[in-house]
Amino acid sequence: DVKVTQSSRYLVKRTGEKVFLECVQDMDHENMFWYRQDPGLGLRLIYFSYDVKMKEKGDIPEGYSVSREKKERFSLILESASTNQTSMYLCASSLLSWRLDNEQFFGPGTRLTVL
Amino acid sequence: GENVEQHPSTLSVQEGDSAVIKCTYSDSASNYFPWYKQELGKRPQLIIDIRSNVGEKKDQRIAVTLNKTAKHFSLHITETQPEDSAVYFCAALRGAQKLVFGQGTRLTINP
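Those sequence lines, one after another, are chains A and B. First residue of the first sequence? That's 1 in the working numbering, and the numbers climb one at a time after it. First residue of the second sequence? That's 116 in the working numbering, and the numbers climb one at a time after it.
Derived from the structure by calculation, the hints contain no laboratory data. Just to be clear, a hint being listed does not mean it is correct.
[Claimed, not checked] Selected chain B positions facing chain A (Cβ under 10 Å, derived; list incomplete):
{"#": "1", "residue": "P149"}
{"#": "2", "residue": "Q160"}
{"#": "3", "residue": "L161"}
{"#": "4", "residue": "Q175"}
[What the hints assert, rightly or not] Here are the computed lysine-lysine pairs in the DSSO-like style, where the Cα-Cα straight-line distance is at most 27 Å:
{"#": "5", "chain 1": "B", "residue 1": "K183", "chain 2": "B", "residue 2": "K157"}
{"#": "6", "chain 1": "B", "residue 1": "K186", "chain 2": "B", "residue 2": "K213"}
{"#": "7", "chain 1": "A", "residue 1": "K53", "chain 2": "B", "residue 2": "K213"}
{"#": "8", "chain 1": "A", "residue 1": "K3", "chain 2": "B", "residue 2": "K152"}
{"#": "9", "chain 1": "B", "residue 1": "K213", "chain 2": "A", "residue 2": "K3"}
{"#": "10", "chain 1": "B", "residue 1": "K213", "chain 2": "B", "residue 2": "K157"}
{"#": "11", "chain 1": "B", "residue 1": "K186", "chain 2": "A", "residue 2": "K71"}
{"#": "12", "chain 1": "B", "residue 1": "K183", "chain 2": "B", "residue 2": "K152"}
{"#": "13", "chain 1": "B", "residue 1": "K137", "chain 2": "B", "residue 2": "K186"}
{"#": "14", "chain 1": "B", "residue 1": "K213", "chain 2": "A", "residue 2": "K55"}
{"#": "15", "chain 1": "B", "residue 1": "K152", "chain 2": "A", "residue 2": "K57"}
{"#": "16", "chain 1": "B", "residue 1": "K183", "chain 2": "B", "residue 2": "K213"}
{"#": "17", "chain 1": "A", "residue 1": "K3", "chain 2": "B", "residue 2": "K157"}
{"#": "18", "chain 1": "B", "residue 1": "K213", "chain 2": "A", "residue 2": "K57"}
{"#": "19", "chain 1": "A", "residue 1": "K57", "chain 2": "A", "residue 2": "K13"}
{"#": "20", "chain 1": "B", "residue 1": "K186", "chain 2": "A", "residue 2": "K57"}
{"#": "21", "chain 1": "B", "residue 1": "K157", "chain 2": "A", "residue 2": "K71"}
{"#": "22", "chain 1": "B", "residue 1": "K186", "chain 2": "B", "residue 2": "K157"}
{"#": "23", "chain 1": "B", "residue 1": "K157", "chain 2": "A", "residue 2": "K13"}
{"#": "24", "chain 1": "A", "residue 1": "K70", "chain 2": "B", "residue 2": "K213"}
[To be verified] Listed below are several chain A residues computed to face chain B (Cβ distance under 7 Å; list not exhaustive):
{"#": "25", "residue": "G40"}
{"#": "26", "residue": "L43"}
{"#": "27", "residue": "F48"}
{"#": "28", "residue": "S49"}
{"#": "29", "residue": "G63"}
{"#": "30", "residue": "E103"}
{"#": "31", "residue": "F106"}
{"#": "32", "residue": "P108"}
Where is the CB? At the ideal position from N, CA and C, for every residue including glycine.
Only chain B is shown next, with the shape it has when bound in the complex:
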C-alpha cells in the first residue's frame, strides 16, 4: 500500500526567510497530493493541493512542486510570517477516497 515519508520533523526559520518541507510517496498510482496546516489546538485545514498532471502550483506565498518520476513533492513557503507557525502534513491519495498522511513537520517562525 501507499507510504508517505515527510521531512524534516521540525523546522525553524527566521521571519521573512523561506521554508521547504519535502515528502516522498511509494505508490506510483497516487494522483492527488494535498497539504494540510494545523495550528496549535486547532483542526487540520487544507492549504494547497496538486494533481499528478501538474508539476507546480502556487497560491500567494505558498507553492507545491511535484516530481512524479522521483515520487516526491514539496511545500514552499516564502516570506514567512509568525502566523505560518504550525504543523504541516502532506498526504497522498490512495484508492478512490482515502488519504495517507506524512508524519508532520512542526514549523516555527522566529521573529
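Next comes chain A alone, as it looks inside the complex:
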C-alpha cells in the first residue's frame, strides 16, 4: 500500500517567513510532484521531480523552490511567504514507467495560512 505523508496538516506562518513543506513516500517512486489546490482552480502543478536532484518547473513555480536530496523525500520551499500563497498544498508520487499511465498517489495535504 503506497503511503505518501506530509510533515504538517496545518501550518500558520507570517508574511516574509521562509516555509518548508516536506513530503515522504515509501514506495520507491521516481516521480514526485507538488500541487496547490484552490477552489475553482483545481490542482495546479508547482514543481515536479523525476529523480534525485532533478527538478522541473510546473505551471506556477514563481515564489517557490524545491529540493530532492533523497529519492523518498521532496521538499517545497517558500522563500518569502506571501498572503497569496495561502492554500492547500498536495504532494504526490508515481512510478517512472514507459506505460505513461501512472497513477499518482497523493499525500493528505498541508493547509498553509500566511498572515
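Knowing the structure of chain A, use the given hints to seat chain B on it.
Structure of chain B alone, referenced to chain A:
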C-alpha cells in the same frame, strides 16, 4: 501547452439518478485521461482512467467515455449513492509524466 476545462463546477442529483461530468482538452497529443475523487477532508484518489486508444471503459457504476475527434471525455456515475458525494477531477497527461487537472466538480447526492 495542455489546457483542461471541466463542467459543471457543481452538480446536485437525487440518490439513484445518474450524474455526468464533462471535460475538454486542448492538446491532441494527450493520450491518458484519469479521473480522481476527493472526499471531504481526504486526499484525491484515482477512480478510473482511459487511454486514447479506447473509446469507453466501465467499472461497476462508473464509466468514462472518450471522443478523441472532439477532444472531450466524460465521467458517468449511475445509480448514485450518498458515498458518491465528493469533488471529482478530470486530468490529461501532458508530456511523459505530468498531469493537467480540470477545475473540479463538486457532486452532491441528495437523499
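Has the given pair, K70 of chain A with K213 of chain B, been kept, meaning a C-alpha gap of at most 27 Å? Satisfied, since the Cα-Cα distance of roughly 21 Å is no more than 27 Å.
Any CB of chain B closer than 7 Å to the CB of L43 of chain A? 4 Å, holds
When the nearest CB of chain B is found for F106 of chain A, is that gap smaller than 7 Å? 4 Å, holds
Are G40 of chain A and chain B close enough, Cβ to Cβ, to be under 7 Å, as the hint says? 6 Å, holds
Given the hinted pair K183 of chain B and K213 of chain B, is their Cα-Cα distance within 27 Å? Status holds; Cα separation ~19 Å.
Given hint K157 of chain B paired with K183 of chain B - CA-CA distance at most 27 Å: 32 Å, violated
When you check the alpha-carbon spacing of K213 of chain B and K157 of chain B, does it fall within 27 Å? This hinted pair holds, its Cα atoms lying about 22 Å apart.
With chain B as the partner, please determine if G63 of chain A meets the hint condition of a C-beta pair closer than 7 Å. 20 Å, violated
Given the hint that K213 of chain B pairs with K55 of chain A, test it: the Cα-Cα distance must not exceed 27 Å. Holds, at about 12 Å.
Quickly compare the C-alpha distance for K186 of chain B and K71 of chain A to 27 Å and report which way the hint goes. Between K186 of chain B and K71 of chain A the Cα gap is close to 36 Å, so the pair fails against 27 Å, i.e. violated.
K186 of chain B and K213 of chain B were given as a pair; does the straight-line alpha-carbon distance stay at or below 27 Å? The hint holds at about 18 Å.
Hold the hint about P149 of chain B up to the distance rule: shortest CB distance to chain A must be less than 10 Å. Holds: closest Cβ of chain A sits about 7 Å from P149 of chain B, inside 10 Å.
The structure shown violates the earlier hints numbered 4, 5, 11, 22, 28, 29.
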